[in-house]
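Q: Two chains, two frames, a set of hints: combine them into the complex.
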Amino acid sequence: MISIKVSKLTKRFKRFTAVNNISFSVNEGEIFAFLGPNGAGKTTTIKMLTTLLDPSSGTLSLNGADPVKEKNTVRKSFGIVFQDPSSDDELTAYENLEFHGILYKVPKKLLKHRIEELLKFVELWDRRDSMVKTFSGGMKRRLEIARGFLHHPKILFLDEPTIGLDPQTRSHIWEYVKKLNKEEKITVFFTTHYMEEAERVADKIAIIDHGKIIDIGTAKKLKKDTKTRNLEDAFIKLTGHAIRDEESTPAENMRMRIRARNR
Amino acid sequence: MGAIYIMWLRQLKRYFRSKSRLIGAFGQPLLFLLALGFGFGPVFKQAGQGDYISFLVPGIVAMTVLFTSLSSGIEIIWDRQFGFLKETLVAPVPRLKIMIGRTLGGATLAIFQAIIVLLLSLFVGFKVPDVHSFLIALMFMIFIALIFTALGTAIASRMQDFHGFQLIMNFLVMPLFFLSGAIFPLQGLPKILDIIVRLNPLSYGVDGVRGALSGVFHYGLALDLLVLASVAAVLLAIGSYLFSKVQI
Numbered sequence: 000m001i002s003i004k005v006s007k008l009t010k011r012f013k014r015f016t017a018v019n020n021i022s023f024s025v026n027e028g029e030i031f032a033f034l035g036p037n038g039a040g041k042t043t044t045i046k047m048l049t050t051l052l053d054p055s056s057g058t059l060s061l062n063g064a065d066p067v068k069e070k071n072t073v074r075k076s077f078g079i080v081f082q083d084p085s086s087d088d089e090l091t092a093y094e095n096l097e098f099h100g101i102l103y104k105v106p107k108k109l110l111k112h113r114i115e116e117l118l119k120f121v122e123l124w125d126r127r128d129s130m131v132k133t134f135s136g137g138m139k140r141r142l143e144i145a146r147g148f149l150h151h152p153k154i155l156f157l158d159e160p161t162i163g164l165d166p167q168t169r170s171h172i173w174e175y176v177k178k179l180n181k182e183e184k185i186t187v188f189f190t191t192h193y194m195e196e197a198e199r200v201a202d203k204i205a206i207i208d209h210g211k212i213i214d215i216g217t218a219k220k221l222k223k224d225t226k227t228r229n230l231e232d233a234f235i236k237l238t239g240h241a242i243r244d245e246e247s248t249p250a251e252n253m254r255m256r257i258r259a260r261n262r
Numbered sequence: 000m001g002a003i004y005i006m007w008l009r010q011l012k013r014y015f016r017s018k019s020r021l022i023g024a025f026g027q028p029l030l031f032l033l034a035l036g037f038g039f040g041p042v043f044k045q046a047g048q049g050d051y052i053s054f055l056v057p058g059i060v061a062m063t064v065l066f067t068s069l070s071s072g073i074e075i076i077w078d079r080q081f082g083f084l085k086e087t088l089v090a091p092v093p094r095l096k097i098m099i100g101r102t103l104g105g106a107t108l109a110i111f112q113a114i115i116v117l118l119l120s121l122f123v124g125f126k127v128p129d130v131h132s133f134l135i136a137l138m139f140m141i142f143i144a145l146i147f148t149a150l151g152t153a154i155a156s157r158m159q160d161f162h163g164f165q166l167i168m169n170f171l172v173m174p175l176f177f178l179s180g181a182i183f184p185l186q187g188l189p190k191i192l193d194i195i196v197r198l199n200p201l202s203y204g205v206d207g208v209r210g211a212l213s214g215v216f217h218y219g220l221a222l223d224l225l226v227l228a229s230v231a232a233v234l235l236a237i238g239s240y241l242f243s244k245v246q247i
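Heads up: the protein sequence lines correspond to chains V and A, in order.
Quick note on numbering: numbering that gives the first Met the number 0 labels position 142 of the first sequence as 141, and the sequence is numbered without any gaps.
Quick note on numbering: numbering that gives the first Met the number 0 labels position 113 of the second sequence as 112, and the sequence is numbered without any gaps.
Next comes chain A alone, as it looks inside the complex (with noise of 0.2 Å):
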């Protein structure tokens, strides 16, 4: 326990520490939340699918939490270069730990913006509809962040340095963000780009944040919950195998 515990706080405190990361984290999902949402209103309004902003918040705090998240895990590279990532690899303490107290804390931190976001979306007419919703909101968010986190720290066991990052960035991350039904309507969707999307597992989430809290899934609860735990099952099982397998 005081293992994962550690891991857990350093990150908090770490982030806490960072005025920059902290501005920078909310100014993308803002930006994007005002462009796209004021932005598309209008046509949004006139195809009949009614107020666009309540339809892309969920979507934007699923963005939310995949982008923390997934740096999060990547932060391996930083604490490698920087050395940091000896002094826990040589710890008499079972990778695994140190690798569950990282996801842990990569994955509040996510939640964590999220939730600002979506109180931030409060103030341009988004409705929460009830605790009860939240909580399963706040569900769909934690699975997320948890395949996300495992994702970076899996990808970032495999890396040496910073190069790779960028490319992650812009043919991961992106594409992730952008094929998942988290800024445009799932109906109707051409053929290729249905099954594209299908395929990404943030589609599931972005579809469990919003079912959750406008009422109306597209793939539903259940298929939903059952995707995104098998995923995070195995992103977990693959992350942690490959942590225990860095060598320095």
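This is chain V alone, in the form it adopts within the complex (with noise of 0.2 Å):
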């Protein structure tokens, strides 16, 4: 059974086209790693997938459904942890998880329990009453993890879902992103700057640069093909050596410079 799948997807903005005529599929219960440098078109991907941007051309489908045309359909199959900030920050951590809850229709009890297992799990359960504003950049990134794992979606989004987080609780969650997969059949696909976690979670990998993709296969295909030992070589080899600045609009500027303070 295919879970995602994208054909001769471009999307063009004014300036430039940040996805560039790309097709792949991602089959039910994998775990799919998307990787590029900054500014590939990671996010913007993820964002037509998830029904908040329309592609200029191309086709997409997830789980059977069309983001453009059934929107609605689409959005009661996935979760998502996005790449910024997204939690309202005047609202307490618990009150975070509980709207975001009720939103997804999680029945009252097991939405207690949940919330309960989670906060314990991200060790915010002690904050719970606190306001996000209060939040380190840190505690803040946990809280909106714990809110993807609340409701059980089919398809799974995490885009940088690690960024800034410590070693320990980066092997952590990626435990219980495992579990998730497994025992619920949760397709995932996620964005990482850590090749170490894309070679160790996932069972599939598309290196994505400037809008196209370059390469796609298991860690070892991409081994392969580049002649490379490790997947941080091979990433290297497929993308040069060039540093790349994210194309941003106004908004995201700003919240990076929200995040850089909180940190």
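Derived from the structure by calculation, the hints contain no laboratory data.
Among the hints, a few may not be true.
As the list claims (entries may be wrong) - Quick list of the computed label-pair ranges, beta carbon to beta carbon:
no., chain 1, residue 1, chain 2, residue 2, range
1, V, 229, A, 162, 44 to 52 Å
2, A, 160, V, 72, 54 to 62 Å
3, A, 174, V, 125, 48 to 56 Å
4, A, 229, V, 178, 37 to 45 Å
5, A, 171, V, 178, 35 to 43 Å
6, A, 160, V, 133, 48 to 56 Å
As the list claims (entries may be wrong) - Simulated pairs of lysine-lysine, BS3-like, Cα-Cα distance not exceeding 30 Å:
no., chain 1, residue 1, chain 2, residue 2
7, A, 126, V, 132
8, A, 12, V, 111
9, V, 107, V, 203
10, A, 12, V, 68
11, A, 96, V, 178
12, V, 184, A, 85
13, A, 12, V, 13
14, V, 184, V, 203
15, V, 108, A, 96
16, V, 107, A, 126
17, V, 178, V, 4
18, A, 85, V, 4
19, V, 211, A, 96
20, A, 244, V, 68
21, V, 181, A, 85
22, V, 132, V, 184
23, V, 104, A, 126
24, V, 226, V, 203
25, A, 96, V, 153
26, V, 4, V, 75
Ideal Cβ placement from N, Cα and C applies to all residues, glycine included.
A: In structure tokens:
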């Protein structure tokens, strides 16, 4: 069963093409890593898959539904942890999760149970009644991850979920993702800049750069293709050494500044 | 129902937790009420128009609803900026419900504030005749709140950042308020001003609140209601359409 199918997907903004004619598919129950340098088109692709942005051309299918035409059906089938902060600073940690649970129609009893379990899991249970604005960057990140796990969707998008977290927390979180994936057959689509995470967790990896997919396959295949010994070397060989700047909107700039301040 | 309720509740929680917002919300209407009311009172009386405070209070009440509901609608920009908007936009809930929840939240707060202002005005000698007239005034306040929350939502759905915000406050909110009959009587206005005032939906809201509380309507209860209900329907439709098209 194919869970995510993308064909000839393109997204053009006024000045540049963020995603340029890409095609790939992810099978049900697979863990898929989408890797690329800053500004490669990862987040734009995720936005199109998750109905936040309409593509310029190409077709998409999530769990058999079209994110452009069947937005409400598609929205029922996935969960997402965004790259930028997206919790309400003026609500408490608990309220943020409760809000999410109600929007996603998690039954009341189960919701209470899961909120407690997840807040304990990300070690924020003691801070459940604190306003999110009093949290550090890492704490906010953990809260958003907990929120992403709150309802168990068919497909889970994780856009750089572990950014800014210590190795302990990161490995802790990946264990949980693997457990969800195994026990509930949840398809996982994630991006990261930590190559060892991708190598350890992903069944399949796609490398994207300048809006195009350069290589796709298992970590083993990518290493073989590039004749390198680890994924990091394979990645650099495929994408080059140049350092990228992220093309960003004023809103994203401001969020980044806020995030930097909170760290 | 769950989604609408939780959107509504969120706005109330945020509002009552922000002390500075609470103070700011009452400061401005009170300043207008006291400064204009006592400042122009003597002139108004000499011109044979009666008690200016009694005339002014419904205008200030309408202004309170206008300011609060428009800024509640505009709050979407804040949510966009701080990222929370995405959380609501990917949720498996029709955007219409999200918009309804937000609108009801904004309208509730606007009416809450307006009622407080009305209560405070009792201390400077304003009189509410009876419960019945209060309820009619309340109905007009609800219409004003719905109209301007929806307008705020429509505008904010098209805005990417804060830059346009000040522009809106200066070129939309202030003219709406000053050209609505909130602070001056509508009889015998110069022709051009009269036309402008007639084109401003807030004029009918002010007239409705004032008519309900004083018993004297300028445009008439029926016309006020008709205009407000139509404008509300149109703006709610436009607001929900634009909100459903928001992309990030």
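Q: The structure should be examined with respect to each hint, and the outcome stated for every one.
A: Cross-check of the supplied hints:
{"no.": "1", "hint": "V:229 / A:162: 44 to 52 Å", "result": "46 Å, holds"}
{"no.": "2", "hint": "A:160 / V:72: 54 to 62 Å", "result": "32 Å, violated"}
{"no.": "3", "hint": "A:174 / V:125: 48 to 56 Å", "result": "51 Å, holds"}
{"no.": "4", "hint": "A:229 / V:178: 37 to 45 Å", "result": "56 Å, violated"}
{"no.": "5", "hint": "A:171 / V:178: 35 to 43 Å", "result": "53 Å, violated"}
{"no.": "6", "hint": "A:160 / V:133: 48 to 56 Å", "result": "26 Å, violated"}
{"no.": "7", "hint": "A:126 / V:132", "result": "43 Å, violated"}
{"no.": "8", "hint": "A:12 / V:111", "result": "20 Å, holds"}
{"no.": "9", "hint": "V:107 / V:203", "result": "36 Å, violated"}
{"no.": "10", "hint": "A:12 / V:68", "result": "35 Å, violated"}
{"no.": "11", "hint": "A:96 / V:178", "result": "34 Å, violated"}
{"no.": "12", "hint": "V:184 / A:85", "result": "26 Å, holds"}
{"no.": "13", "hint": "A:12 / V:13", "result": "39 Å, violated"}
{"no.": "14", "hint": "V:184 / V:203", "result": "16 Å, holds"}
{"no.": "15", "hint": "V:108 / A:96", "result": "24 Å, holds"}
{"no.": "16", "hint": "V:107 / A:126", "result": "47 Å, violated"}
{"no.": "17", "hint": "V:178 / V:4", "result": "24 Å, holds"}
{"no.": "18", "hint": "A:85 / V:4", "result": "23 Å, holds"}
{"no.": "19", "hint": "V:211 / A:96", "result": "37 Å, violated"}
{"no.": "20", "hint": "A:244 / V:68", "result": "13 Å, holds"}
{"no.": "21", "hint": "V:181 / A:85", "result": "28 Å, holds"}
{"no.": "22", "hint": "V:132 / V:184", "result": "35 Å, violated"}
{"no.": "23", "hint": "V:104 / A:126", "result": "47 Å, violated"}
{"no.": "24", "hint": "V:226 / V:203", "result": "18 Å, holds"}
{"no.": "25", "hint": "A:96 / V:153", "result": "24 Å, holds"}
{"no.": "26", "hint": "V:4 / V:75", "result": "17 Å, holds"}
Of the numbered hints stated above, those contradicted by the structure are hints 2, 4, 5, 6, 7, 9, 10, 11, 13, 16, 19, 22, 23, listed in ascending order.
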